[in-house]
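Between the sequences and the hints, there should be enough to build the whole structure, so can you do that?
2 protein chains.
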Amino acid sequence: MTTHGRRGEHLGRRQQILAAGLAVFSSSGFHGGSVRDIARRAGLSQAGLLHHFPSKAQLLGAVLTWRDDIARRELGEPAPDGLDLIRRLVAPPAVTRTQELVRLRVITSAEGVAFGHPVHGYVRHRQASVLDMVRQALEHAAARGELRQDVDPAGTARMLVALMDGLRVQWLLHPEQADITGDLRRCLQPLLTVDL
Amino acid sequence: MTTHGRRGEHLGRRQQILAAGLAVFSSSGFHGGSVRDIARRAGLSQAGLLHHFPSKAQLLGAVLTWRDDIARRELGEPAPDGLDLIRRLVAPPAVTRTQELVRLRVITSAEGVAFGHPVHGYVRHRQASVLDMVRQALEHAAARGELRQDVDPAGTARMLVALMDGLRVQWLLHPEQADITGDLRRCLQPLLTVDL
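Read top to bottom, the protein sequences are chains A and B. Note that the numbering used here has the first sequence beginning at 335, numbered continuously upward. Note that the numbering used here has the second sequence beginning at 335, numbered continuously upward.
Derived from the structure by calculation, the hints contain no laboratory data.
Using 25 Å as the maximum straight-line C-alpha spacing, the simulated SDA-like pairs for lysine to any residue come out as follows: (1) B:390 / A:362; (2) A:390 / B:368; (3) B:390 / A:366.
Here it is, written out as structure tokens:
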């Protein structure tokens, strides 16, 4: 086998493990997800899996980073700004709003609020950077006169991020009654001077 | 010892276990929380604990019910209605907004979105009943002319519950930047015809 082939095989194996990790962590979280289950799903022994990811915490970290990279690419490159970014967050591509991905996000965010959880730092950082990104987009919209003058971009960013987090939970629990995009539009539109 | 004394001792022991369960489940969730840790905190053997609560799932259920009963009493009896209920939810008594209680709620809600989790039914039911309670309160406010005429009570209930869920997560992760009550007021006030 060529070096290129070996590297390809290595990457393919890594990808299988990440997909298996996503399936297990999104239903059981970090604490409940077992390396043994993930290895079995990926068709590997536990030792084989640990060769690629030396610990469960590193594996969860890699699954989250992998998904974040995909989500970032789906936002578009370069990332949209101002109201275009907000529109994208309000009505994201269907591929990022699957039960599995949304559950992974909800469960790891919640587990990660506990000090000492292996993704506590990651979750704190992600929450802060999402808030920053949304606040900046709203500030740019405000600079273009697209936000009502009495609307505070930082407060609106907190509101929008909280709404997205909370509506995801409602959607997971009662998908038939939830309407994430509709609810977000209804809350945001009154704060804008242009159509969302 | 009298029967009364034994029953008092039994209740006291149960109470200790519930408090220990709250401490452990609120930091590690159901999957990560171990019956052994809870027993140790309560000063009991594992067998001693299992005499009171035959399984970890039953213990978590009892901790959640215990906290719900306290929260209900703190809302006031009879429960306030209309905008008085909304005001109470927006600015709850400090005792219900402790890190430990809020973390328990966030973690169990998130874990419980997974089918097959022992509190999946409880979490679905609680979410639906909170949504119902808030929607009814807003409908009563609307009937009194306290809601703007173009505001939909059901949509506003979904928004308010999602905001509360999401803002709790922000508060746990970045308490210094969060202002749950202020943010909720800012979102709700424009929908009302009276002061919140």
